[in-house]
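K.L.:
Here is how the chains run, residue by residue.
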Amino acid sequence: MLRTESIHYEHDITKFQLNNISINIKQGEIVSLIGPNGSGKSTLLRVISQLLKSSSGEVYLDEKNVRQMKKREIATTLTMLPQMNNHQLDLTVRELVEFGRHPHNKNNLKLTKEDQEIVEWALEVTRLKPLEHRLLPTMSGGERQRAWIAMAVAQHPKVLLLDEPTTFLDIAHQLEVMELVRELNEKYNMTVVMVLHDINQAAQYSNRLIVLKRGTIYYDGSPQCVLCKEMFATIFEIEADITLKSGRPVFTPIRKCSNHCTSQCINLNDYKEKRKE
Amino acid sequence: MAVIEESQQVYRHPLAKKRKALFILLPVLVIIASIGSLMIGQVSFSVAEVLNGIFSREDTLARRIVWEIRLPRILIGMVVGICLSIAGTLLQGVMQNPLADPGVIGITSGAGVMAVLVMVVFPGHIFYLPIASFIGAFSAAMIVYILSVKKGSTSPTRIVLVGVAVNAICGAITNMMMILYSDRVQTVLPWLAGGLTGVGWVQFQNVIYYALITLLFVMFSVRHVRILRLGDEMAKLLGHHVERSRLFLIALSTLLAGLAVSVAGLVGFVGLVVPHMMRLLIGGDYKHLVPASALGGALLVTVADTIARSVFNPTEVPVGILLAFIGGPYFLYLIYRKGNSFAAN
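Those protein sequence lines, which keep their order, are chains A and B. First residue of the first sequence: 1, per the working numbering; consecutive thereafter. First residue of the second sequence: 1001, per the working numbering; consecutive thereafter.
Derived from the structure by calculation, the hints contain no laboratory data. A virtual CB, placed ideally from N, CA and C, is assigned to each residue, including glycine. Some clues are possibly wrong.
[As the list claims (entries may be wrong)] Chain A regions said to be covered by chain B (calculated; three or more residues, Cβ under 8 Å):
#	segment
1	66–76
2	97–106
3	163–176
With these hints in hand, go ahead and build the complete structure from the sequences.
P.N.:
Below, the structure written as structure tokens:
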């Protein structure tokens, strides 16, 4: 569904790099990108969504190279919700969601019947129908986040990229957003790739975790595989305790690693070999 | 039953009532202001005399003053107001900055340089004045745009800073020309102050066709300026060609501003004050903001020009100066209110 082939990217000023990122995301997966601050998770989403230009490497959507696709065509297949969105925008929820039809609707300010049906559907799915005429600045953070997601949903993409969709939300609203993501995935077969800060949430809601550090992929696999003590030691330099709760791994941070712990770092290949053994 | 449902439908948007009220009120106010403006002046007329002056072809004093002098002047004032306020609205949208105004970012003074050049250096070619102002305005806009774009995106602060510099340079060139050709300055001064003194049907005809064609493009521009409000990234993610839109919108606002400058001189602040006030009243959605600003601009210039030519009787104050008295303090107030956060919307 979404495939990247050895993407390299370098930021002009900070010289931050993404190195040789190749991932292959299948239709219907929920994939979470995790890693410490500055590991390149958001940058990777931006490169995939063409907000940033990679210096080399290719991105394929449905086996089509995005370089050969029109902007409008990309926007009807893949969209992303950036982390910080304008809070002061005095649009109603419905008006915001209607913007989601922009790539589908070429010339008019008026929506077609089909557009309207999809807007209705997006409002229903995100349970925003009762709030459709509220202005965004008058809503709570969680409601507003759902409104932005609703706009992305109205875009009717096959792949939805979310950059920290739960940041700044309280725990109830976090769960609400995560449940919504799961519903979009299960009911409407949307492929989701998201950056999450909360590793337990990532493990709970995704089929697959990709761990990045310093612009490189270190681990890529199911939550059960990826969440292990070595991973926390290598990537986050912490000691962690991992337990299983109804089949999903849950971690508890214990303490920051001593030097001795970081020196044991293993790289992805060692890790894979270890797994095979 | 059906009627009730429909009316509920209409009023559900929290700003729908205000919008509806404003779109009824503004045209009414524009009409009242124009009739008032036709009546007031060095010679005052009653409503009946005014109507008579417009509709009967008898050669009376009312006919000569109302039809030959005041009416074209009011109509030109309206065109100027509409052009400047739409230009301001679009620029504010493009730059995501409430301080963007054709005057602030140097477009007007760019037009000014070229216009003064024609007036003092080549006074025989006054016919080229509108084209020269377009060229000046567009060059200034392009300089501001190119210098403030970095890696495909434009920062509002940068664009205003570059605008300040462009303004200063254009001002210097204009002053230089006026000093070098000081014998011909008399014709330029009222123009620089921005006024509608002495305009008539000829100027109206010169300007109206350009204006109508440009306004047609404005109708297509709303979709572009609307989506920029979501932010560059979001607009790009919605498959929109952000930079292409920006260029189109800047070119369009330049045309509008150049049009106004070519007929009325350096009238400032209309493009700043009007869209901002309308935004306070009906919100920032450009679908409503563009037509509301157009009406507001027509109203403001009509009222301001009436005051400018009648209150200080027998002296006429250029409307540009009067507008600067309103707009200048408003600009300072905006800066005071907004502090350092210049996010539009």
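K.L.:
Would you mind marking each hint as holding or not holding in the structure?
P.N.:
Hints, verified against the model:
1. For the segment 66–76 of chain A, the stated coverage by chain B holds: 7 residues have a C-beta nearer than 8 Å to a C-beta of that chain, and at least 3 were required.
2. For a cut-off of 8 Å, the count of residues in the segment 97–106 of chain A with a CB near a CB of chain B stands at 4, and the three-residue condition holds.
3. Counting residues of the segment 163–176 of chain A whose C-beta lies closer than 8 Å to any C-beta of chain B gives 0; at least three are required, and the coverage claim is violated.
The structure shown violates just one earlier hint, number 3.
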